Amino acid sequence: MKQVKLDGLYKTYDGTTPVLSNVNATIEAGEFFVLVGPSGCGKSTLLRMIAGLEETNGGAITIGNKRADQLMPSERDLSMVFQNYALYPHLTVFDNIVFGLHVKKVPKEERKRRGRETAEMLGLTDYLKRKPRQLSGGQRQRVALARAIVDESPVCLMDEPLSNLDAKLRAHMRAEIKQIQRRLGLTIIYVTHDQVEAMTMGDRIMVLNKGVTQQIGTPLEIYNQPANPFVATFIGSPPMNIAEGEIKDHKLFIEGLGPIPLPNGGAIDQTHVYAGIRPEAVRFVHDPVREKGSGLIEVKNVEVLGNETVLMFTAAGRDWYARWSGQWPVKPGDRIPVMIDYADVALFDKASEKSIKHGQSPDVAAEISREEVLL
Amino acid sequence: MNSAPLTKESGYEVGDLPEHSEKAFPLRKDFWQAMLYLLPSFVLFSVFVFYPMFRTIYLSFFLTDYDGMPSVFVGLENYAYIFTSDEFLKSLRATILFVLITVPAGVILALFLALIANEKLKGIGFFRTIFSSNMGMSVAASSVIWLFLFHPSLGALNQMLSTLGLSQVEWLLDPTWAIISVSVTTIWMNTGFAFLIILGGLQNIDEHLYENAGIQGAGYWYQLRRITLPMLSPTMFFIVTVSLINAFQTFGQVDILTQGGPAESTNLIVYSIYREAFVNYQFGTASAQAVILFGCILIVTILQFKFGEKKVHYQ
Ligand SMILES: Nc1ncnc2c1ncn2[C@@H]1O[C@H](COP(=O)(O)OP(=O)(O)O)[C@@H](O)[C@H]1O
Ligand SMILES: [Mg+2]
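Residue numbers (our numbering), protein chains in the order written: chain Z, 93 to 467; chain B, 9 to 323.
The following block holds chain B by itself, in its conformation from the complex:
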């Protein structure tokens, strides 16, 4: 930012720029300078985002060989195929169900934890640390922990149920329970991050607003409804958007907990793409699925910005 006037000054007054044209167009040097700064991220994005993205779109119009090289151009046939494929439609339904479970429940849980952790109590720092600690755990490690918890006979959950005299649950083996189990795992894994962000948002709210409300006689719930939630809306908007995108992209916990089963009930779309590409070697249809996923996330994010943002009070 500061470099613009500086360059101008040196260009005009000190005259250390040899080319006359540089003086006439002082912006031009800034432009190349800016490009230079942008170069690293531009290269990284190109290699890891833009190229794969266009390559995926390209591949989705082809049949491929085992190495993922395009062999036969088939136009939109891959798309036609997956939209008539039971497996893909089931996967899409499972994904939507999964998003509808994990996003609201995860955000509300994180909001609740942040609200109680924002109270000024002795030793509250301990709870803040605990609530955000699972942020530091990898997907693999957390999934393995839950794998143990869900174990039909040795798992803590079933042991608890039997201690309480309740019948045991086939957490990962029953199709209805499996999607719930994966959702619970996901909610648990994402809570730390959402909690930390929401807590930060809460602490950003001016304490005096609550003090004034208290003096004027507003109780806790009134303050929550008329001060906290509106003031927190930008943070909540951010968390909901990120959680939505994350939920659509869930992979690791499915791979470790259920491998998409039982009966494909947890075959979420990214896992389905993975299987299509690296188990069935159908890179063309896998790419088509990936493009559909991209479209879904794009549409949801646009809708979220269009309708969700209206309710956000930026300061």
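Chain Z with its partners taken away, still in its complex shape:
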């Protein structure tokens, strides 16, 4: 319910190496904003700077309309969920949940009511008298969530809150957190290294690498129009295939694949590029002779997932993936004809790594308008 504005944030721990440099973002009120990036890229540091647990060495943080970077954590009016939950082991679940209300001297009756309401929302009613150690990982996680939202702070920060849960529970909690956020209209800044969480939960995503912002956008923008090869390979599973390519004679050459012809009028200035192709854009061809841009690949590994099949092969000295829907009777060692449509190819300048051209949205669904779906 409050906007959070980051302006040219800079952070260094040792005075010389920057951990974060020039981070800019405006997180809208009520937005679910996900900070994603590989481990060690500075996500936690950034979140802790917003919380006031880490000092900022440059730039400004504004929460609501108030300059916040010099305020104490308690004055920033936010709540936080920690990766290890940070529950008080000596307090009961109920006392853990209402800890913040107790600090703020909320009257006992109101404390009780709000504690119970929040516990009910998270399905903790039966566990209120237990100590944290008597709970499962998932239940502890809920207590941590309850403690954060019972305060009714307008901004909630979460640092990898689901990373200690098993895959199934994680998927469940993703949906649950998202629902609570919508219901309460919270502004959430959510840190994760898991691109699936980022894609499924975020209204907008900020991709961070080595302390530098790579891209900010909605999940589909990030997926369809990655700003550079890092974002392209970080988001999506299996990752986007990336290889060095050369543009000659109106064709894109990638080692290990047939030349991919450029369409008429689609000339590119650069010669040396990185070409990125989503696994689903590597398509099987029935007639390799007639189809342009086709080539033979040798399958190195096959994963049949029931509804889709993922093949691994080598091109331009790297592992590439192809993902086809359905169950394909393919075995390692098979040589299979595939083709790549130039329209699906994303191109990045080799020197600057900046995007030259996006691949077209791979799934038809993205092309259908909302109105059509709702009919």
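Read the hints as simulated data drawn from the structure, not as lab findings.
There's no promise every hint is true.
With a Cα cut of at most 16 Å, we get these calculated EDC-like pairs of lysine to aspartate or glutamate [unchecked claim]: (1) Z:Lys97 x Z:Glu123; (2) B:Lys128 x Z:Glu147; (3) B:Lys128 x B:Glu219; (4) Z:Lys204 x Z:Asp187; (5) B:Lys130 x Z:Asp106; (6) B:Lys128 x Z:Glu123.
Short derived list, chain Z residues pointing at chain B, Cβ under 8 Å [claimed, not checked]: (7) Leu170; (8) Ser171; (9) Met172; (10) Ala178; (11) Tyr180; (12) Gly192.
From a predicted model like this one, the values you see are computed outputs, not experimental measurements.
Think of the CB as a built atom: it goes at the ideal place given N, C-alpha and C, for glycine as much as any other residue.
Knowing the structure of chain Z, use the given hints to seat chain B with the ligands on it.
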């Protein structure tokens, strides 16, 4: 721990155990193996703890000769005697007073030092070292240092008092001051150990608990009361128990500072036992006193576990 399944496996599968019965009772070999491991401490405990303990109880029923050999069986007379002896009752009172002064004051001082030394400040390592450094000093050395400090005319304490224009204090010669002086010395000597243990306990507390409390608006004292002290309770329980036992067993500093005087005001029970046995050669009554001391420590420790432990939050 690991040896149990290993032995079983080799017993069943490789068959390197010749005796058939070994296979049927694989535990038996483990048992003797365990006993073998226990043997050294068992021997040491027997020689230095169990034998002297039973010998003491035995001796407390006898009158003894100068060599400490039992000569006349007197039953409970030794006990009857010491409980009517003014000297022993005075010693018991002095000991209880001494425990009541040194244990709470020592633990609170160590807690205070640990709390300030746990703050993340530049150069705090220096203070941590200083606060725990007296751990490395022997009782004798520390007592001699304090002997100098307490010296009536040359001691630093009295010099300070006179510089401030205050009247001087007979630290070790006045019966009221003497027990306080010995207590101060003891507190100073024990602080290092208690400090180090409590500091360790503090550092074991998850930093995130404080961070969350800070975000939720809890101030220092609130955090101390609702997080630090409850989380520290197992450590405090340990330190209080150990300090209690230590205080009851105080000997060295009494011997060096006051020899139990003046007017027996610092004649703590272990010193009293020592005098009874090795100055008066009354090994029987000395043993009876030792048994009483053992009983006292046992009761206090049991009470401490029974009532103190309820307030402890183990994680
Ligand atoms: N307290 C600290 N002191 C020094 N360096 C730190 C500290 N915390 C984090 N770092 C460094 O800052 C970088 C970013 O860390 P972090 O924000 O924890 O990454 P992430 O949460 O993205 O995994 C890492 O290189 C880490 O080693
Ligand atoms: Mg982190």
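Hint check:
Between the alpha carbons of Lys97 of chain Z and Glu123 of chain Z the distance comes to roughly 12 Å, so the proposed pair stays at or under 16 Å and holds. Between Lys128 of chain B and Glu147 of chain Z the CA atoms are separated by roughly 15 Å; this keeps the pair inside 16 Å, and the hint holds. For the hint linking Lys128 of chain B to Glu219 of chain B, the alpha-carbon distance of about 14 Å falls within 16 Å, and the restraint holds. Note on Lys204 of chain Z and Asp187 of chain Z: the hinted pairing holds, with a Cα-Cα distance of about 10 Å set against a maximum of 16 Å.
At most 16 Å may separate the alpha-carbon atoms for a hinted pair to count; Lys130 of chain B and Asp106 of chain Z meet this at roughly 14 Å. A hinted pair counts as satisfied when its Cα atoms are at most 16 Å apart, and Lys128 of chain B with Glu123 of chain Z does not qualify at roughly 36 Å. Proximity of Leu170 of chain Z to chain B holds as hinted, the smallest CB-CB distance being about 7 Å (cut-off 8 Å). Interface hint status for Ser171 of chain Z: upheld, as the beta-carbon distance to the closest one in chain B is roughly 7 Å, under 8 Å.
Checking Met172 of chain Z against chain B: minimum C-beta separation of about 5 Å stays under 8 Å; hint holds. Because the beta carbon of Ala178 of chain Z sits about 4 Å from the nearest beta carbon in chain B, less than 8 Å, this interface hint is met. Given the 8 Å rule on beta carbons, the hint for Tyr180 of chain Z holds: about 6 Å separates it from the nearest Cβ of chain B. Taking 8 Å as the C-beta cut-off, the interface hint given for Gly192 of chain Z holds, the closest approach to chain B being about 4 Å.
The structure fails to meet hint 6 from the earlier list, while all remaining hints are met.
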